[in-house]
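**Student:** Working from the sequences, and respecting the hints, build out all of it.
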Amino acid sequence: MFWDWEYAFEVLPVLAGASIITIQATVLGFILALVLGLIFAIMRMSRNRAISGATTAVVEFIRSTPLLIQIFFIYFVLPEFGIVLDAFLAGTLALGIHYATYCSEVYRAGIEAIPRGQWEAATALNLSPTTTFRDIIIPQAIPPVVPALGNYLVALFKETPLLSAIAVLELMQTAKILGSQNFRYIEPITLVGGFFLIFSLIASAANRYAERRLSTIGKR
Amino acid sequence: MVRFSGVTKRYGDLTVLDNLDLDVAPQEKVAIIGPSGSGKTTVLRMLMTLERIDDGVIYVDGRPLTHMESNGGLVRANEKYLRSVRGDIGMVFQHFNLFPHMTVLRNCTEAPINVLGLPKAQAEERAVELLELVGLGDKLGEYPQRLSGGQKQRVAIARALAMRPKVMLFDEVTSALDPELVGEVLNAIRMLGKQFQLTMLMVTHQMGFAKEFADRVCFFYEGKIHEEGPPEQIFNAPERERTQQFLSAVLEAG
Ligand SMILES: Nc1ncnc2c1ncn2[C@@H]1O[C@H](COP(=O)(O)OP(=O)(O)O)[C@@H](O)[C@H]1O
Ligand SMILES: [Mg+2]
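Line order of the protein sequences matches chains B and U.
Note that our numbering has the first sequence beginning at 1, numbered continuously upward.
Note that our numbering has the second sequence beginning at 1001, numbered continuously upward.
Derived by calculation from the structure, the hints in this document are not laboratory data.
Careful: at least some of the hints might be erroneous.
Pair ranges (Cβ atoms, derived) [claimed, not checked]:
no., chain 1, residue 1, chain 2, residue 2, range
1, B, Pro139, U, Asp1138, 54 to 60 Å
2, U, Gln1027, B, Arg116, 27 to 33 Å
3, B, Met45, U, Glu1069, 29 to 35 Å
4, U, Asn1078, B, Ala54, 19 to 25 Å
5, U, Pro1026, B, Met45, 34 to 40 Å
6, U, Asp1023, B, Asn151, 54 to 60 Å
7, U, Asp1138, B, Ser215, 47 to 53 Å
8, U, Pro1035, B, Asn151, 46 to 52 Å
9, U, Gly1135, B, Ser64, 54 to 60 Å
10, U, Pro1026, B, Ser64, 28 to 34 Å
11, U, Arg1164, B, Ile23, 49 to 55 Å
12, U, Asn1236, B, Gly53, 57 to 63 Å
13, B, Ala54, U, Gly1135, 48 to 54 Å
Model, not experiment: these values are computed from the prediction.
Each residue gets a CB set at the ideal place from its N, CA and C atoms; glycine is no exception.
**Tutor:** This is the structure:
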């Protein structure tokens, strides 16, 4: 028989357990991407040429090299400099840093869309740069870009199987192990695919909902 | 109170203000009129430190605004110094520039809390007072989008005043308004002039208002003060041809 239901039900609980790791890596990685992305975006706008230039260079470099290489770098190369991270941490860190560069572009677009008059009003009221960002710019820049950030959440989620390359026991790696133990790959790999499909669909729906909500809030 | 001394501003090859000298006494109300592109907005923007100046010095209350003293000489002011001197000046913009994500009240307390360090309760008390003064005591919890242009501009005036500036700048504050809303904003400005000891510089196309309210009128032409004097003189007996032409064109249109 092409598809073995019994085997599928046998591996399902194991995969469900592994999905927790996948979700953890996604959530932690994305939180890091959101925070670090904002820091990148603000540093790139710095009036200090050295800071903005260096940040731009770093962001461009990370964005234009493959995530897999960055994962390997953090996991296999950093230990040579005395920084040893376990596989999960190394992988999540790489995901977070890589997606931070995408998020920083999104933030930047959001910030650049703020009318100049808002900055000028902040200056005329003598607000400090910190207060201007915190109270005036960021609260207006982020709501319109939430959908774009949401898309990167889904994209990051779909890239978590790359962590199997450093043997993080997330879904893909677990499926591979199950497959090799039982000499049957169809069921575990298909189930993993189905899992990603379902979660991506849920996340996209949530994103569309957020988009609608934001557009109604924007009209208040 | 405010002194421009040989101030020049260029954008590339274009000299927008050419060696400008202007002295404004404490509590003096100066109306700035002139054709579009003559540099009126630029004067206010430089005073608000929104633009750098290319030459000359601006003094506010005897202190150099654009420059700071260093080793007995004057050097270009840095951001920190600008922050320390800018507090004396408030500005109201043509397009309001209210913070759309904040209520009317919060628009008026944001800077007093974060810049002056006032406790929230005290900042709110003061903001409510000012908003009542401009006739918006019933709009405290509204967001700017729900307000008419005239109401927005009055919030912007209250917001600037909440910082207790000594000098207020108005840049064509009624130009973006429907004609029937102009009066309420001008009334608010009139009232401030009486209630507070403010020095005011206003760029305006409301010649009637300038005539009645200003102590002095400056006619700008091509980046220079082409003619200035008390309103009666400028409006009733302008001496120079450009001024006469401008005024007759404006009167024709208005
Ligand atoms: N940021 C800028 N870059 C280049 N030119 C500018 C800029 N701002 C103003 N100008 C030019 O400076 C001149 C004076 O502008 P402005 O002070 O706004 O005039 P007014 O307010 O009297 O209409 C205009 O010719 C305008 O095109
Ligand atoms: Mg102008």
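**Student:** Cβ-Cβ distance between Gln1027/U and Arg116/B: within 27 to 33 Å?
**Tutor:** Check passed, 31 Å falls within 27 to 33 Å.
**Student:** Can the suggested window of 54 to 60 Å be confirmed for the beta-carbon pair Gly1135/U and Ser64/B?
**Tutor:** holds, 57 Å
**Student:** Could you tell me whether the CB distance from Asn1236/U to Gly53/B stays inside 57 to 63 Å?
**Tutor:** holds, 59 Å
**Student:** Has the hinted range 28 to 34 Å been met by the Cβ atoms of Pro1026/U and Ser64/B?
**Tutor:** violated, 59 Å
**Student:** Just to be sure I understand the hint, the distance between the Cβ atoms of Ala54/B and Gly1135/U should be within 48 to 54 Å; is that true here?
**Tutor:** holds, 52 Å
**Student:** I want to verify a distance hint. Is the separation of the beta carbons of Asn1078/U and Ala54/B within 19 to 25 Å?
**Tutor:** Given range 19 to 25 Å: holds, Cβ gap about 22 Å.
**Student:** Assuming the hint says 47 to 53 Å, is it satisfied by the Cβ distance from Asp1138/U to Ser215/B or not?
**Tutor:** Roughly 29 Å apart at Cβ, these two residues miss the hinted range, so it is violated.
**Student:** Using the Cβ atoms, figure out if Arg1164/U sits within 49 to 55 Å of Ile23/B.
**Tutor:** The hinted range 49 to 55 Å holds for Arg1164/U and Ile23/B, with Cβ atoms some 53 Å apart.
**Student:** Does the Cβ pair Asp1023/U, Asn151/B satisfy 54 to 60 Å?
**Tutor:** holds, 58 Å
**Student:** Determine whether the Cβ-Cβ distance between Pro139/B and Asp1138/U falls within the hinted range of 54 to 60 Å.
**Tutor:** violated, 25 Å
**Student:** Between Pro1026/U and Met45/B, is the Cβ distance one that fits in 34 to 40 Å?
**Tutor:** holds, 39 Å
**Student:** Lying within 46 to 52 Å: is that true of the beta-carbon distance Pro1035/U to Asn151/B?
**Tutor:** holds, 50 Å
In summary, the numbered hints that this structure violates are 1, 7 and 10.
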